[in-house]
Amino acid sequence: MIILGIESTAHTFGVGIVRDKDPFILADVRANYIPKEGGIHPREASRFFATKAHEVIKQALEQARISINDINAIAVALGPGLGPCLRVGATIARALASFFNKPLVPVNHSVAHVEIGLKLTGARDPVIVYLAGGNTMIIAFNDKRYRVFGETLDIALGNLIDVFAREVGLAPPYVRKGVHVVDECADKGSKLLDLPYIVKGQDVSFSGLLTAALKHYKTGKYRLEDICYTLREIAYSMVVEVSERALAHTSKNEVLLVGGVAASRRLQEKFKLMAKIYDASVHVVPPRYAVDNGVMIAWTGLLAYKHGVVIPVEKAVVRQRWRLDEVEIPWRS
Amino acid sequence: MAFRRGGDTLEKLELIYKGAEAYLFKSTFLDTDVIVKYRLPKPYRDPLLDRRIRRDRTILEARIIARVKELGVPVPALYMVDPEKAIIIMEYIHGIRLKELINHANISTIETYVREVGRSIGIMHSAGIVHGDLTTSNIIVKEGTPYIIDFGLAQYSDELEDKGVDIHLFLRSLESTHPRFVDRLFKAFMKGYEEIVGSRGKESILEKVREIRMRGRYVEERRLRKQ
Ligand SMILES: Nc1ncnc2c1ncn2[C@@H]1O[C@H](COP(=O)(O)OP(=O)(O)OP(=O)(O)O)[C@@H](O)[C@H]1O
Ligand SMILES: Nc1ncnc2c1ncn2[C@@H]1O[C@H](COP(=O)(O)OP(=O)(O)OP(=O)(O)O)[C@@H](O)[C@H]1O
Ligand SMILES: [Mg+2]
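Heads up: the protein sequence lines correspond to chains A and B, in order. So in our numbering, spot 180 of the first sequence is number 180, and the numbers just go up one at a time. Here our numbering = 1-based position in the second sequence + 1000.
Calculated from the structure, these hints are not laboratory results. Quick caveat, the model's predicted, so the values are computed rather than measured. No residue lacks a Cβ here, since even glycine has one placed at the ideal position from N, Cα and C. It is possible that some hints are incorrect.
Stated by the list, open to error - A short list of chain A residues far from chain B (calculated; beta carbon distances all over 10 Å):
1) Pro23
2) Gly201
3) Thr211
4) Lys270
5) Gln320
6) Glu328
What the hints assert, rightly or not - To be clear about the criterion: a stretch of chain B counts as covered by chain A if any three or more of its residues have a C-beta under 8 Å from a C-beta of chain A, and this derived list gives those stretches:
7) 1014-1021
8) 1041-1047
So that you can see chain B by itself, here it is in the shape it has in the complex:
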């Protein structure tokens, strides 16, 4: 596959990830490494509906990435969006996923990263944006800075529930990847979050997270879903 636009050609598309919704390719564009995210057409949807969904989600994801970047949160730079083709081209983040890093770097370094992630999420939540799939696999650390990726499930939302789910999912992924230091790391995350939203904001979200966890289903299933 090759995409062209205004004479710029994507080179050496290399499929790196096959998801249910999208394929991700690594490529180069204007001499930089990029990620091409292509949302696949689905044969089971009415063609018009299919185009509408892929277009809307592409636009939403791109808008949110752009908006979050404006807020100063480290996320991939957006290079190109083609809603009709359902393609997003963004900066390739050269780094290591937090999920892998967490088992190799020392714990106080990880704490610094996680606190930074807490700040990023605090900034997003304050701006009415939720990530929707916040796990340690969706954070890539590059040169000491944790970048947040995968805004495919992100939404504009000011609901405490949606924000609580973000925090809960992150806690969940800490529990499954690094059970020994969950408490320390979650504290670090919440410290960063509190730096942005203040102590009342922090308390109310923690209350919500507790409530979500009490509902039970999240406790097991959400984690399973991520595996």
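Okay, chain A solo, but in the shape it has when bound:
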């Protein structure tokens, strides 16, 4: 079985082709939209995707050395994400499916981050910590679905460090040689300042931390390195704390980190220190598959398709706020 998957939820237009035998990745092509300034502009990104889509798909088929006829089904991320971006992927997927008469498989982008992490790390039944630009969630599988044990009440962890980096002039680029600029700056700091640590039960809140950190910066009284250090220590510790609660409550013995921020070494260290208390292991999705990509959509599409998950073309509409806990996961028990 061969599945082609399309990702276009935010800044990456990615096409992956996978099969149900290892090595499972046949192709992985991506076009990244990089805003000239500020954060992502959804319309601009979607126009960029529209111009690149054809080329990306063609390259993916070439990389896999197959023709579109060899593909069993088309998988597409219908959400969650930015409307204009999502619509590019959905339109192309619908067109391919109807023109070449292929089944269409709807994939939830967040579920895909989780599934590719499980596939690539071999973790079996972990507490999953999904830390990305638009999501911060503590997840565990239970009774047919991925359940959310805790999440951010406002902005995501990736968003926190990106916006801070941008506002104080550390970014773009946000990541240099695999290290986030806030991490890089924080490594040179050491003094803990008075910034708010906000955990409410199983949830975290970052917006107060962001505002306070920016305020500290604007006074000019503190070293940027110390602000970065404090911001990072607090933000990462908050996430580890709520993950710890989930681990203790579920009695699971693995932790899996997925999403772009999972690549942070300091974050991984903190998770290892926490997991040690419970004799649990920490798995981290490889950096290349921590960020958005088409392979994760194709892989999740393959799992779903094998369990009969398909969607009629006319029903394949995008869902900007599609939560991962709304998705039934028939391939796990």
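Use these hints to put chain B with the ligands onto chain A, whose structure you have.
Just chain B with the ligands, lined up with the frame of chain A:
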């Protein structure tokens, strides 16, 4: 482990509960049974941050217990607080958790307790305090009086949202421990609550609870989290 203060020694510390955040010990102090709640240091936090968090939470929990007690709500008496060591020593409530009791006592007795809990929560909410983890395991009935315990997640808050979550969590725990009598028991709870906050207060909180439940995630997950 032994803690000393002013010559009073805690005796026979017996670990009774290991949580993610704190360990709870049973002990005796000045000839009475006590609970020692010790917030654990976390190796993944900057040491200064760690001390700050444990100290602040210890102080907050102790203050809220003391304040709630002042309001006349049955809660454990506070015996000692050591913020730097992150320790709270409080009265040991000899009784049975509502969670267990609910399956053994007759339903009208349970109704009386639950109504009392409704009053207690009404009093707290009117004073701008939310419990944050209100479940039938955090209520211990002693000699016919329901005591509220575990103020580890309590906060000062006048937000309807936070208050709604309290009520919602309680309803949730009724649903999972005693599905047959949920309606009766929840009515009893709200009756007690209304006695304190009045009928308008009751209506607005019920509206909020409905809204919270509509959001979906609470419906499944919050319950799961409690298991
Ligand atoms: N090495 C790194 N260390 C820390 N953060 C990183 C690193 N590499 C990337 N990130 C962060 O990861 C985020 C992007 O991750 P990803 O592509 O998974 O998320 P997204 O697609 O923006 O959001 P979502 O998956 O929530 O829709 C950005 O915030 C980025 O700064
Ligand atoms: N004052 C008390 N008297 C008797 N038993 C108590 C008392 N306080 C706590 N306990 C017992 O210890 C258990 C855990 O206490 P508590 O809920 O305060 O800890 P916690 O760290 O908040 O736990 P969790 O995080 O699981 O909610 C309670 O469920 C109860 O059985
Ligand atoms: Mg408790």
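Now for the hints, and whether the structure bears them out:
1. The beta carbon of Pro23 of chain A is kept farther than 10 Å from every beta carbon of chain B, the shortest such distance being approximately 35 Å.
2. With a least CB separation of 5 Å from chain B, Gly201 of chain A falls inside the 10 Å interface cut-off, contrary to its annotation.
3. With a cut of 10 Å on Cβ distances, Thr211 of chain A stays outside the contact zone with chain B, its closest approach being about 19 Å.
4. At roughly 4 Å from the closest C-beta of chain B, the C-beta of Lys270 of chain A falls inside 10 Å, breaking its exclusion from the interface.
5. No beta-carbon of chain B comes within 10 Å of the beta-carbon of Gln320 of chain A; the shortest separation is about 16 Å.
6. Residue-level check passed: Glu328 of chain A sits 13 Å from the nearest beta carbon of chain B, beyond 10 Å.
7. For the segment 1014-1021 of chain B, the proposed coverage by chain A is satisfied: 3 residues have a C-beta within less than 8 Å of a C-beta in that chain, meeting the threshold of three.
8. Three residues within the 8 Å Cβ limit are the bar, and the segment 1041-1047 of chain B against chain A gives 5, so the coverage statement holds.
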